[in-house]
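J.: Here the protein sequences come in this chain order: A and B.
Position one of the first sequence corresponds to residue 6 (the numbering used here), numbered consecutively onward.
Position one of the second sequence corresponds to residue 5 (the numbering used here), numbered consecutively onward.
Mixed in with the good hints, there may be bad ones.
Claimed, not checked - No farther apart than 25 Å at their CA atoms in a straight line, the calculated lysine to any residue pairs in the SDA-like style are these:
no.: 1; chain 1: B; residue 1: LYS201; chain 2: B; residue 2: ALA220
no.: 2; chain 1: A; residue 1: LYS343; chain 2: B; residue 2: THR30
no.: 3; chain 1: A; residue 1: LYS92; chain 2: B; residue 2: ALA205
Because the hints were derived from the structure by calculation, they are not lab data.
These numbers come from a predicted model, not from an experiment.
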Amino acid sequence: MRTTDTDVSATKPSPQQHRAAMIAEAASGGLKAILLKIALLGIVDAIALYGLFVLFLHQQWLIFTLVAAVTVVVNWIYFTPGKLPAKYLTPGVIFLVVFQIFVVGYTAYIGFTNYSTGHNSDKAQAISALMSSAQDRVPDSPAYAVTVLDQFGTLSFLVTDPNGKVSLGSADSPLAPVNNARLDGGEAVGLDGYTSLSFQDILARTSEITALAVPFSDDPNDGALRTNDGSNAYLYLSSLVYDEQADTMTDAQTGTVYSDTGDGAFVAASGEEMLPGWRINVGFDNFARAFTEEGIRTPLISVTLWTVTFAALSVATTFFLGLFLAIVFNDMRMKGRKFYRVAMILPYAFPAFLSALVWAGMLSESFGFVNQVLLGGAQIPWLTNEWLAKISILTVNLWLGFPYMFLVCTGALQSIPTELEEAATVDGARPWAVFRLIKLPLLLVSVSPLLIASFAFNFNNFNLIYMLTGGGPRDAAADVNVGATDILISMVYKVAFTGQARDYGLASAFSIIIFVLVAVISVVAFRKTKALEELNR
Amino acid sequence: MTSVSTPSRVVPLKRPFTFRRWFGRTGWRHLVGLVMVVFSAFPLLYVLSASLNPRGTLTGSNALFSQVGFESYARILSTPETPFAQWFGNTILIAGTTSILTVFLGALAAYSFSRMRFTGRRAGLLTLVLVQMFPQLLAVVAIFLVMSTIGDLFPAIGLNTQIGLIMVYLGGALGVNTYLMYGFFNTIPASIDEAAKIDGASHARIFFTIILRLVAPILAVVGLLSFIATTNDFVVASVLLIDPEKQTLAVGLYKLVSNPNYADWSAFSAGAVLAALPVMALFLYLQKYIVGGLTAGSDK
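This is chain B alone, in the form it adopts within the complex (with noise of 0.2 Å):
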């Protein structure tokens, strides 16, 4: 028992495989494994089997893989009273373009909190700090009112409008993900904006052709846990989005089977898997990036 980090040197070669000692030492691992990978995986292949089953009912959907067919992504893309296709869309728009908005504000706020200073900087960064710690949504019943008020003065940015729905999301984008993005705008050294400066180059240039790219990849753990966070949104696009076709998918996939026994629980299934691969593809493929951001924070 040396080294942990070379165990195929420690095991000598000579001594016989015994059940025991392989279980004592890893197999009771791949066990909590087993089972931990069977609560984990099953509800995601109940829903796989669902979609691919034609039938639309909830108790049709029980025998796994009895039946295989595309019938019910058929249903969901083309009945007119759920266009799934629609909100797919409306939620790639909405939460694309919340993110990479927010990613910006966020970036222009770090940006000058990293490398200004100025009065109120300590004051700004500490009502970043609080104001994550109430949620938009704790306020819906004032946004909704807020932005029925607006509706009435602008009907093209007030309620029941996507561009509404963006600008209130876009409420929330200084705070955590400036603070996020402040630490790391603060580890790349401030010798490199001094160059540039001597240089000739002006703020804007340099925050636009030099920090940005270096600070790449914390902007695209941001811009992908705001681009999750909008499309997880349930609370405040219920409220503002009112017409079915202006509508995100976690509201028009929540009002289709706000009662499960009775809704076509195929079609949901099927709808349900087209919405989630490409946000699991994206996920564990960025997945480094990810763990890497979601701990970030924990290092002050």
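So here's chain A without its partners, still in its complex pose (with noise of 0.2 Å):
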């Protein structure tokens, strides 16, 4: 690129050249400019060193280094001359870089996970949180005295035991004694750091408060104290027994032996299935279950079937329509045409999600404006019927994205040069085929790339989908929770954040299909416009 560019800096410039440009560069810069570097520097190693402190507290090794290497480098960047190019580009890249090119990888890696619901702890919490789930009162318990304490929202217990000790513990560490508690009458009721709770508090906590198990050692087996009215708390032992050596859980009740068979939750013999369980790298699983599993895959190619034809049909109405318009109203001896403009312009003004959520209304089955004003009091399914849904959705589309067409090619069709058409005209051509070969091929090149890109929105046109029909109506024969009219995206949406269990695992692995995607056609969609290019070269 440095040497074919010639508008700026065509060659190297000389050792003397740099250095004078580096002196002139100094010599400009105000005292001001250079003490708001400075002070916005300065802001940003505050945060950075702030955000050092927490994960050095969290442990997160990791996450530490690259913060710290990060804000070393960004220093180092801002701090030393040149690097003109650096200094421009860093803090676009660093959001780019988290917010979009990680995110992809990450979804990548989820992909290769049983992440879910039941599953999205690590083995130790999914242990504690069994043990803590199966707790009953032990009937001899002796009453332990406790405060509940807060510390930046996270509660404790302070305990008094029967002998007087006084320990502290929260959900996550098990008690421990502490010796510098404030005591009222042989009972810790403070401690430096924390904030007792009031009665009041109390009150207003008590779901929270009630829920809390402290355990009571390291051993998960020795159980935990938790308190139903925020002063007296009670033993609580699991039914659950763990057995690290052997790595199984067992009810104490039934007998029934679990086991941790490798399939990240505790299994019985029978293949009954302890939950909650824990994350665990399943290889290709997900995509094994996308793939072969007939209630998943049926409802998959169906999707992606819908999802390309609703692209390619919304971008084939939305062009036709807007270029059928543009030419009709591309004639100057027409009046008012700046009022047709401006009216046809309104849906594409209208914010789309609102859109979507007004046509939901007007053509609900039972109370909608069409089927009650327009058509009489009709019952039709506009949004409820598998075929019908997918034609309304086409139309509000139409709706939708008519205008912008309009626009696209009203441009287009007036840039293309008028002596094209009148020598085609003194040579006999009929206005058919004025159209036909010379302007459409000459309106398709520069509006093609347009098409392209108004193809890849439909392909992710989640607001359209989601908020007109919920991707419904229902696939009664699915394991997931899609619908007929559901596209890739919204699949995924449903699958990850709505129901009961949400499969975020799953959801990833068709994220990443959607990916694979949408990769090959914008290949073969370039490669077809760079064919069209040149054709017209």
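Both chains are given apart, each in its own frame, so use the hints to dock them into the complex.
T.: Here it is, written out as structure tokens:
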């Protein structure tokens, strides 16, 4: 690039020129600018230092190293002279890398795990969750006097046992002795750095307090302390026993042994799974499920086909209507064109998410305007019948999309030189031939990148689908929550974020399938447009 | 039929007016126009009428403009369960901050791509084109999980915070916007920079005081497009913002009418009108620039 571009600094500057430029640069920057720069970097560094401190406390070494490295690089870039491109690119690139490129990589990673409801923590957390969920109060448990403490929103128990020994613990850290507690009548009531909850506070946070189980010791089999009233706690023992050596969970009441079989949960010999389990790497399981399980494969295929059909038909219908209107209104003899133009732009100016919601109301089966008023009280299931829902979606998308195509086509038509048309007319071409052989090819060249962009947009047109039909009507035969009008992105959203079981792993696997599809389609599309451009050169 | 641009001269004034000729030339165009105006404007009239209807239901909204009152506006603004004013403020705040920062980050990048020659420049530009093929919402699951991890460590910028949401949006700041701006920056002659440099201006001064002013039209277009895109976003906002008083209009209004048959349809319509009016006014006012910006990408 350096040698081909001639507009700016075509050749590499000599050392003298470079030094002269440096001096000029340094001399021209005002004191204010330098102070501003130092202040801004100071703020960034202060935030970074705070972040590093928090990460240090949480012992997140990988993130700690990354943040530290980025901070050093940023300071180096802005404090050393030169490196101008880096100075201008760094802020945007940081956000791009974290929230666009990294998250794509992370999606790929999640696609290979069983991350889902019931499998969202590590094994140790799953064990403690299991143990605390099956807890029963020990019948002869002594009463432990407790004071509920709050530190930055996290609740802890300050416990005085019947022998007068004081200890502190929270959901994550087992009871540990403390000796600097404030005592009142032999009972610990406060601790420096913590706020003791008042009676009103306890009432306000009852559900949080009664749910809190503080482990008695490091060994989960020792049980936990729980309180119902915020003043007296009792020992609760789990009916489950965890055997660390054998890595098994035993239900003390039934005697069933659940063992870790590598599926991310404790499983009994009968195949019964104990939830919550934990997150493990499952390799290509999610993809295998997507392509082999009948209840997922069939909807995945139909959703993919509908996504492509929907996007292609949306582009085609909006483009042809837009082009038709552009031709109709591109006649200078016609009066009031400006009025029509403004009226037709209205759907484009109205926020898209609102349009879908308004149409959903208008197309409602029993109460909507279309059925009740236009069709005189008919009960046509516009949004709940599989095929009618698809037609409704395309119609609404036509309403949403034709103004854009109209504007674009009008612009493209007007930029075609009139001499071409005149020359063709003189040569005896009929209007239709002029349009088909001259105007349309020229128009397509300038509009085709926008058609591709429009296809890409509709390929992921989540708002329209989700707000108009919610993807429905639901496909009853499918094992995942999908419907007849779902497109890929709305299926990902529904699998990951709606319903009782949220399956992040499967949703991410679907996302990766979309990534691959989009990549293939864009490669093909770009090849095609290049061919088109060369054709007309 | 000599020239199309001076139609009044072409038609001989003596020829009598006949409906058939008028219809054949321009009349049918008006017919098409009329149909399209009804198709385009009707749903908007319907919302307006529904919003003025004091009764709440969907059925009640079917008789257009039968009753006119502002009760539903009062209702949407005063019901505590639907903090509409809060949603409105949140949307303006989130979309405004995002679009300003997007413009700023994008302009910085476009300036360096347009004015500087460095290794990786071409690769960088190509990356920007490629990245826009994969919109953020495809990675929404990963974004949610990343933000919840960040929230565990730094509650102020993690899940359920507006700062976190803005940060996620800024991940898309470089991309199609930068490409649009890059094209526009290239149309500003480099001799202006050079003249300023000879006069002793630093690169920062050239950028902030000269270039940014010259490219103001494209900054406005990109800012507005980014504002509209952010306002319309439902996926990321609905996943990241949990508390009702932190949510945006798209999320809040969707929840309000997720089942239109039983929703307070008039209140929703009133909210929709209030939300849409500023956007539409701005859009129609800046129409020319937006249309120019939309087709700017098609030149290359």
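J.: Quick check: which numbered hints come out false for this structure?
T.: none
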